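These protein sequence lines are chains A and B, in that order. Add 2 to a position in the first sequence, counting from 1, and you land on the number used in our numbering. Add 166 to a position in the second sequence, counting from 1, and you land on the number used in our numbering.
Note that these hints are calculated values from the structure, not bench results. Fair warning: this is a prediction, and the values are worked out from it, not measured in the lab. One or more of the hints may lead you astray.
In the DSSO-like style, the derived pairs of lysine-lysine whose C-alpha atoms are separated by at most 27 Å in a straight line are [what the hints assert, rightly or not]:
#	chain 1	residue 1	chain 2	residue 2
1	A	Lys23	A	Lys68
2	B	Lys316	B	Lys298
3	B	Lys269	B	Lys486
4	A	Lys68	B	Lys351
5	A	Lys23	A	Lys48
6	A	Lys51	A	Lys77
7	B	Lys213	A	Lys104
8	B	Lys486	A	Lys68
9	B	Lys198	B	Lys213
10	B	Lys486	B	Lys300
11	B	Lys269	B	Lys213
12	A	Lys48	A	Lys77
13	A	Lys104	A	Lys48
14	A	Lys68	B	Lys245
15	B	Lys192	B	Lys316
16	B	Lys269	A	Lys104
17	A	Lys104	B	Lys190
18	B	Lys269	B	Lys300
19	B	Lys213	B	Lys486
20	A	Lys23	B	Lys488
21	B	Lys532	B	Lys269
22	B	Lys298	B	Lys213
23	B	Lys316	A	Lys23
24	B	Lys488	B	Lys213
25	A	Lys23	B	Lys226
26	B	Lys226	B	Lys190
27	B	Lys192	B	Lys213
28	A	Lys51	B	Lys488
29	A	Lys36	A	Lys51
30	B	Lys192	A	Lys51
31	B	Lys198	B	Lys269
32	B	Lys192	A	Lys104
33	B	Lys298	B	Lys245
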Amino acid sequence: MSTISLRIEFGGGLELLFDNKRSYRIDVPSLVPKDNSTDAENLSTKETKPVDVDYLIHHMRDNMLKERVELFMEKDTVRPGILVLINDTDWELEGEGEYRLKDGDEVVFISTLHGG
Amino acid sequence: MSSCENPNVDKDALMPRRQKFDGKTKICVRCKENTGNVVIRYSVYCKTCFFPLVQTRFRKSLEPSINATPDGPRKKALKAVGSLVIGLSGGTCSTAMLDLVAKSYFAPKNEPTGKLKGGKDHPRNSDKGVWKGKAGISYVEVCGAFPGEKDRTEDIRAVVESYSNSNFEFLPLRLEDSFDSNWWKSVGGDLSTSAQSLARLDLHLVNSSSESSPLQALRTYLSSLPTQTAFYSAVQMLVRLLLLHTSASRDASHLLLGTSLTSLSVNLISGIAQGSGYQVTEEGKEEWNPRPEHGMPLRIVRPLRDVGMKECTIWDWWCKLKIVGEPRSLYSGGKNAIGALTRDFIFGLESDYPATVSTVARTCAKLTPKEGSDEICALCERPAQHGVQAWKSRISIRSYQEVSSAVSGNTRPPHLTEEEITNLTKSSLDITPTSDHPFSLTPLLCYACHTLLTSRSSRGLAASLPQGQSTGDVPLPLWVRSSADMAISAHSHESVPLAVKMSRREMEKEISEFLLSDE
Ligand SMILES: [Zn+2]
Ligand SMILES: [Zn+2]
Chain A
3 MSTISLRIEF
13 GGGLELLFDN
23 KRSYRIDVPS
33 LVPKDNSTDA
43 ENLSTKETKP
53 VDVDYLIHHM
63 RDNMLKERVE
73 LFMEKDTVRP
83 GILVLINDTD
93 WELEGEGEYR
103 LKDGDEVVFI
113 STLHGG
Chain B
167 MSSCENPNVD
177 KDALMPRRQK
187 FDGKTKICVR
197 CKENTGNVVI
207 RYSVYCKTCF
217 FPLVQTRFRK
227 SLEPSINATP
237 DGPRKKALKA
247 VGSLVIGLSG
257 GTCSTAMLDL
267 VAKSYFAPKN
277 EPTGKLKGGK
287 DHPRNSDKGV
297 WKGKAGISYV
307 EVCGAFPGEK
317 DRTEDIRAVV
327 ESYSNSNFEF
337 LPLRLEDSFD
347 SNWWKSVGGD
357 LSTSAQSLAR
367 LDLHLVNSSS
377 ESSPLQALRT
387 YLSSLPTQTA
397 FYSAVQMLVR
407 LLLLHTSASR
417 DASHLLLGTS
427 LTSLSVNLIS
437 GIAQGSGYQV
447 TEEGKEEWNP
457 RPEHGMPLRI
467 VRPLRDVGMK
477 ECTIWDWWCK
487 LKIVGEPRSL
497 YSGGKNAIGA
507 LTRDFIFGLE
517 SDYPATVSTV
527 ARTCAKLTPK
537 EGSDEICALC
547 ERPAQHGVQA
557 WKSRISIRSY
567 QEVSSAVSGN
577 TRPPHLTEEE
587 ITNLTKSSLD
597 ITPTSDHPFS
607 LTPLLCYACH
617 TLLTSRSSRG
627 LAASLPQGQS
637 TGDVPLPLWV
647 RSSADMAISA
657 HSHESVPLAV
667 KMSRREMEKE
677 ISEFLLSDE
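Between the sequences and the hints, there should be enough to build the whole structure, so can you do that?
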């Protein structure tokens with residue numbers, strides 16, 4: 003199964019949910035289930051799509067998140083107040099969750115909930 | 167959550183989440199050249215244009231308030247009458263604010279190129295600074311109120327020192343300083359001999375001989391508060407007053423707070439929900455007068471009030487600024503407090519409908535209280551409305567006995583004795599303070615603070631507080647004690663009606679037109 007390599011960074015205190023590590027390098031499959039389920043076993047029986055940010059978020063929830071899912075996700079996407087930058091650009095300009103990830107992409111998640 | 171329709175009627179009636187970016191063009195609206203990097207309230211900006219955009223909004227919010235009198239048609243040089251104090255919590259917005267202040271007004275004079283950035287008329291290039299003396303950067307450590315939390319003073323000190331600017335002075339404070347007479351003296355406060363007076367929760371002031379450490383006093387005070395909402399509001403209020411009195415002691419004319427557009431909207435809505443509607447315009451623009459001879463009128467400015475949380479976050483990220491403050495809101499300490507609930511709502515709103523949040527702030531800026539005010543609340547030191555307690559006694563049921571007989575299974579609030587509850591509702595119209603009828607704090611409080619100290623909740627207080635606190639004397643922050651001292655000594659010269667309790671008949675008369683007839 004072919005994979006792509008990504009760099010994930012956290013800011014604004016969000017790293018606290020991810021083992022207090024600010025930076026990760028991870029591999030994700032280049033083809034993933036359309037329903038974003040992350041158990042690779044029955045991939046063959048499912049409709050697939052090229053890996054996108056929506057899948058990445060589910061992958062992070064299922065494989066990287068250490069605690070408090072509700073502080074990271076809400077309704078199948080990131081919780082309001084979490085900012086996503088893809089290669090230094092606001093993900094709103096890149097199609098948000100539908101952005102198709104490429105090998106070497108850098109995705110940054112920053113919490114704006116830090117206040118004051 | 168963020169819907170304008172009644173979701174019970176029709177699922178399809180949910181207001182569609184508006185696309186933040188229409189996908190038409192990714193070109194920056196400002197330079198019309200570069201590909202955009204960020205969407206701010208439906209507009210696309212490139213990274214190069216983002217920084218001047220935020221800085222311009224910051225300066226536009228701050229600079230009109232710098233000179234003592236507002237600018238005439240000709241722009242005068244920026245010259246403040248006093249010094250500057252910056253409140254730094256280490257959070258997203260105040261970290262961005264400190265950076266903006268440093269870059270706009272305190273940048274080293276000699277740029278490496280030898281050329282003055284921004285031209286010779288730029289405020290940071292004028293010979294003398296905009297403010298007098300050194301800028302104080304003040305941090306209030308609140309871990310005393312949250313047992314188990316890390317003390318971050320040294321982390322914040324490192325942030326301040328990272329600017330290696332000789333015009334910056336770090337001023338660390340602690341929440342418990344509010345109860346520390348050494349701090350109070352250091353900011354020029356005085357206390358008369360009756361200074362040991364403490365208030366009990368019936369809001370009657372008593373003299374207490376018991377001495378406790380400032381930290382113990384802080385914890386007793388906070389744990390005496392009736393609700394979780396009151397607890398968080400009280401912490402915020404202590405932070406604010408510590409900053410105000412510290413600023414006054416440095417002859418500051420300006421105190422800058424890192425309140426963004428987003429958090430301003432949160433504060434406004436949650437403030438109104440907690441009864442401070444009268445002070446709603448204060449959140450946007452505020453002036454505070456220190457005690458006579460103890461400083462000059464202080465302008466409290468929120469220079470990020472037109473900058474959203476998103477812009478602050480991106481500023482910090484792109485400038486590689488370290489966010490070292492306690493991420494309390496991330497873990498939503500006190501998530502059922504009104505403040506936290508409002509915050510979640512506004513953040514959801516900002517994320518789905520970015521323009522609505524600025525509408526909240528702008529609408530609130532248009533509100534003005536119906537009547538003026540010449541009184542200052544002893545606890546929050548904000549303008550207080552006249553006759554609050556008379557009004558409150560007309561609109562609320564304050565007698566506990568009536569309520570408890572009507573509602574079965576309800577128990578008396580744990581921190582009040584029956585006697586205290588009776589006193590709370592008793593007339594104090596005709597009294598001069600004596601040992602039987604001690605002076606009450608009530609007439610010195612604004613509506614919100616009176617509510618903060620007395621409103622009861624069906625739920626208990628935050629479990630994080632030390633257990634088994636005595637229900638007796640509750641220490642008061644030192645500025646309250648000093649205001650109470652002044653009021654008591656003024657009272658001994660004239661008899662002031664302190665509170666009016668209405669009889670049942672009077673109350674009935676007051677509401678008669680709203681009552682249904684018996685037939
Ligand atoms: Zn541009
Ligand atoms: Zn008040």
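Quick rundown of the hints versus the structure:
Proposed proximity of A/Lys23 and A/Lys68 is supported: the alpha carbons are some 11 Å apart, at most 27 Å. The suggested pairing of B/Lys316 with B/Lys298 is violated, with an alpha-carbon distance near 34 Å, which exceeds 27 Å. Distance check on the hinted pair: B/Lys269 and B/Lys486 sit about 14 Å apart at the alpha-carbon level, within 27 Å; holds. Of the pairs offered as hints, the one joining A/Lys68 and B/Lys351 is violated, with about 47 Å between alpha carbons and a cut-off of 27 Å exceeded.
This hinted pair does not check out: A/Lys23 and A/Lys48 have alpha carbons roughly 33 Å apart, beyond 27 Å. Between A/Lys51 and A/Lys77 the alpha-carbon distance is near 20 Å, which keeps this suggested pair within the 27 Å criterion. Between the alpha carbons of B/Lys213 and A/Lys104 the distance comes to roughly 22 Å, so the proposed pair stays at or under 27 Å and holds. Distance hint between B/Lys486 and A/Lys68 is fulfilled; the C-alpha atoms sit about 25 Å from each other, no more than 27 Å.
Of the pairs offered as hints, the one joining B/Lys198 and B/Lys213 holds, with about 13 Å between alpha carbons and a cut-off of 27 Å not exceeded. Pair hint B/Lys486 plus B/Lys300 holds up; C-alpha atoms about 25 Å apart against a cutoff of 27 Å. Of the supplied pair hints, the one linking B/Lys269 and B/Lys213 holds, its CA atoms being roughly 17 Å apart against a limit of 27 Å. Taking the CA atoms of A/Lys48 and A/Lys77, the gap is about 22 Å. The hint holds against a cut of 27 Å.
Distance hint between A/Lys104 and A/Lys48 is fulfilled; the C-alpha atoms sit about 22 Å from each other, no more than 27 Å. With a C-alpha separation of about 51 Å, the suggested pair A/Lys68 and B/Lys245 falls outside the 27 Å cut-off, and the hint is violated. This hinted pair does not check out: B/Lys192 and B/Lys316 have alpha carbons roughly 43 Å apart, beyond 27 Å. For the given pair, B/Lys269 sits about 37 Å from A/Lys104 by alpha-carbon distance, which is inconsistent with the 27 Å threshold.
Between the alpha carbons of A/Lys104 and B/Lys190 the distance comes to roughly 23 Å, so the proposed pair stays at or under 27 Å and holds. Distance restraint check for B/Lys269 and B/Lys300: the Cα-Cα separation of roughly 15 Å lies within the 27 Å cut-off, and the hinted pair is therefore satisfied. Taking the CA atoms of B/Lys213 and B/Lys486, the gap is about 14 Å. The hint holds against a cut of 27 Å. With a C-alpha separation of about 15 Å, the suggested pair A/Lys23 and B/Lys488 falls inside the 27 Å cut-off, and the hint holds.
With a C-alpha separation of about 32 Å, the suggested pairing of B/Lys532 with B/Lys269 is violated against the 27 Å cut-off. Straight-line distance between C-alpha atoms of B/Lys298 and B/Lys213 comes to about 34 Å, which puts the hinted pair past the 27 Å bound. For the proposed pair B/Lys316 and A/Lys23, the alpha carbon gap of about 19 Å is at most 27 Å, so the pair holds. Taken as a hint, the B/Lys488 and B/Lys213 pair is honoured in the structure, with Cα atoms around 19 Å apart against an allowance of 27 Å.
This hinted pair does not check out: A/Lys23 and B/Lys226 have alpha carbons roughly 38 Å apart, beyond 27 Å. Between B/Lys226 and B/Lys190 the CA atoms are separated by roughly 30 Å; this puts the pair beyond 27 Å, and the hint is violated. Restraint check for B/Lys192 and B/Lys213: the C-alpha separation of about 12 Å stays at or below 27 Å, so the hint holds. The straight-line distance between the Cα atoms of A/Lys51 and B/Lys488 is roughly 38 Å, outside the 27 Å bound, and the hint therefore fails.
Among the hinted pairs, A/Lys36 with A/Lys51 is consistent with the structure: their alpha-carbon atoms are about 6 Å apart, no more than 27 Å. A distance of roughly 26 Å separates the Cα atoms of B/Lys192 and A/Lys51; the hinted pair therefore holds under the 27 Å criterion. With a CA separation close to 26 Å, the supplied pair B/Lys198 and B/Lys269 stays within the 27 Å bound. With a C-alpha separation of about 20 Å, the suggested pairing of B/Lys192 with A/Lys104 holds against the 27 Å cut-off.
Taking the CA atoms of B/Lys298 and B/Lys245, the gap is near 9 Å; set against the 27 Å cutoff, the hint holds.
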